[in-house]
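Asks: One-letter residues, chain by chain:
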Amino acid sequence: MSKHLQKPPGVPLREEDFEAQRVLSVMYRPKMRYSWATGVAIGRFLKGLREGKIIGTQCTHCRRIVVPPRVFCEWCFRPVNDWVDLPDTGIINTFSVSYISTDTTRLKTPIIPAVIEIDGTTHAGFLHVIGEAKPETLKIGTRVKAVWAESTKRRGSITDIRYFKPAEWKP
Amino acid sequence: MTTEPIRVEGDFPVYFRYTVGVAGEKFFREIMENGRLVASRCSSCNLNYLPPRIYCERCMSRLEEYVPVENEGTVEAFTITHQDAEGNPLQEPVGVALVRFPGAYGGLVHRTIDVLAIGDRVRAVFKDKKERTGSILDIKFFEKIS
Amino acid sequence: MQIKKRVAVVGAGMTKFMRRAQETGKELAFEAVRQALDSCNMRIEDIQSVALGSAPDAFDGVHMKGEYLLDGAGAWGKPYSRSFVGGGTGVFSLIHGWWHVASGLFDTCLVVAEEKMSSCLPHPQTAFLTIFDNMIERPLGPNLIWIFALEMQRYMQTYKIPKEQIAQVAVKNKRNALDHPSAQIAQKVTLQDVLNSEVMAYPVQRLDISPVSDGACAIVLASEDVARKITDSPVWIDGVGWNLDTTYWTNRDLYFPRYVANAARMAYAMAGVRNPRKEIDFAEPYDPFDYKELHHMEGLLLCRKGEAPKLTAEGVTERDGKLPVCPSGGLLGVGNPIAAAGLMKICELFWQLRGEAGKRQIPGDPRTAVAQAWGDLMQIGTVVVMRG
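First to last, the protein sequences are chains A, B and C. To convert, note that position 119 of the first sequence is 119 in our numbering; the numbers rise steadily by one, no gaps. To convert, note that position 46 of the second sequence is 46 in our numbering; the numbers rise steadily by one, no gaps. To convert, note that position 75 of the third sequence is 75 in our numbering; the numbers rise steadily by one, no gaps.
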């Protein structure tokens, strides 16, 4: 490599080169909007959320109860049609404390994303956020419970659960 | 429980700033400063690329020689469009032509103010120099040479 | 499995990796291809097929990136195809090219990987928003870094790994990259610099992350008889493997990338490597974040689960250690143009195994090496074993 590539090609630019118009560029602002059909499984999951329930599915062959639900088992590839009502409690599988927003700007108050393993599943869960918690007190394995939006405000969205908050375990 | 499917709405909030590239700098600056077109030349393959590129697609040589191209060319294809990019009707239809230039390999697609036929001779009409920004729109349109 | 022809890498080339390149994507591809052809004195006419890898069209904002890049990639009038498996693309594009020659269909194949991320605004990261489930994850307002933070947290907590051992990887790779001519942000950082850097999404800090880059790499492949006519020291692709998991990432335990291990087993079996820890002389695992090097070392079965941080702390993975890891400087040091980054690692294997890596050259006489890339929603492992 030393023979052939001592000076690799490429002209690096800095942001100032654009501002000072030292380089020519073309802007394009596409309008990309989508309206996705939810499909059978997620449609039912979202309807469940609207009713204040978390719904999963069970593959009886693999003996797995999973959430989010799906109409086929990706392990054995059999169709799945056993729907299971699940509790709205679980444990934190992993979490982060995020100071960056979805549009890459800095946040003063962090968001706490987490994967919540839902009780009653085979180590399955979904992404959500933790609320009413001090980040320093959270651990993998912390018990949490869903805090729901008021029933009149629920629309059939993952945000019908406002967040999960740490909760005492009640046997 | 209603049976109508729930739809989920979303968007994709990105936009783009494309550099015109090394060859593009040459091409658009010639248009901006001198109101003329240039092509890049591969002497091995005897091809003058328009718009110019820094490489020959046939032999992959590096192209560093630029040659001028006349602003006048011939219509290879022509159409009149009645809809915009989103399918909405245009207030005024727009003529669009693919123009070939003598000695150049390639061509330009641009607007026309005349209704044209294949084989018509056309010339590029540029904006005044002070209004040019180094864009393909520095050419206002192609007009028929009578 | 029947492999018709043994395949060798006979030439390699790459551009600088830069935060924003003036060159268009086509021009970047051309520059890498020109370097690769010059490195083995071949002409484009000698190339019978082209395999290109590039990441989502959304970065460049062009339609059908493969087709767009075609002429710059030397594929005019040739059999040509594009593959894309997220970050795994760089190593996968080599496997994609390998199929062309190993099958006996072609004697030569040019593999190109290119990325121009800087066109995407407000930030290339925005193009990654679609990595999250459109229906049940995006409404939460996520950021790409969450994925890494969540995986890193799980990995760290499973083995109680102190952050210092992870940060050490960033220090090592950024320092290694000082000797790489294409490096974007090679620099001497101290452990303290990494540990003091801005928290993005705990436990991820700014200096744990590789930079956004533009760049391109290219590799020339040839079948055995043709390879020996082109060069005295072909580097053989002895094993390839690729394996994917599902997008149901929240149903997995993220502490171990089993899809990387599956891909590694496939590649090692093909290469006749029975004991990777003993037989692999050096490795280039995918390191978009510092903890990923460790995660992938374990996925590549180069050490026991949870052992990678200790090996790093003991200096085993330094260039003069017993198992050098990322002697190139990796993504952390050289840069991360998504698809091209993986192919950069293949270039590194090629140069190291031929003794041509200059100041980065690993001492001794390395013979067998492994490169790996990883991508998307923690889904793909792509692995290649090469011998010089």
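I should point out that these hints are in silico values taken from the structure, not numbers from a laboratory. Predicted model, so just to flag it, every value in this text is computed and none were measured. Heads up, the beta-carbon is just placed ideally off N, CA and C, and yes, glycines get one too. Please note that a few of the clues may not be correct.
Cut-off 27 Å, straight-line C-alpha distance, at most; resulting in silico cross-link-like pairs (DSSO-like, lysine-lysine) [claimed, not checked]:
#1 A:K139 / A:K47
#2 C:K163 / A:K108
#3 A:K134 / C:K160
#4 B:K140 / A:K31
#5 A:K139 / C:K78
#6 C:K188 / C:K78
#7 A:K7 / C:K188
#8 A:K165 / C:K160
#9 B:K26 / A:K7
Examples of chain C residues toward chain B, derived with CB under 7 Å [said to hold, decoys possible]:
#10 I44
#11 H63
#12 M64
#13 D71
#14 C120
#15 H123
#16 Q125
#17 A127
#18 A261
Asks: Of all the hints numbered above, which does this structure not satisfy? Sort the numbers upward.
Replies: Of the numbered hints, 1, 5, 6, 11, 12, 15, 16, 18 do not hold.
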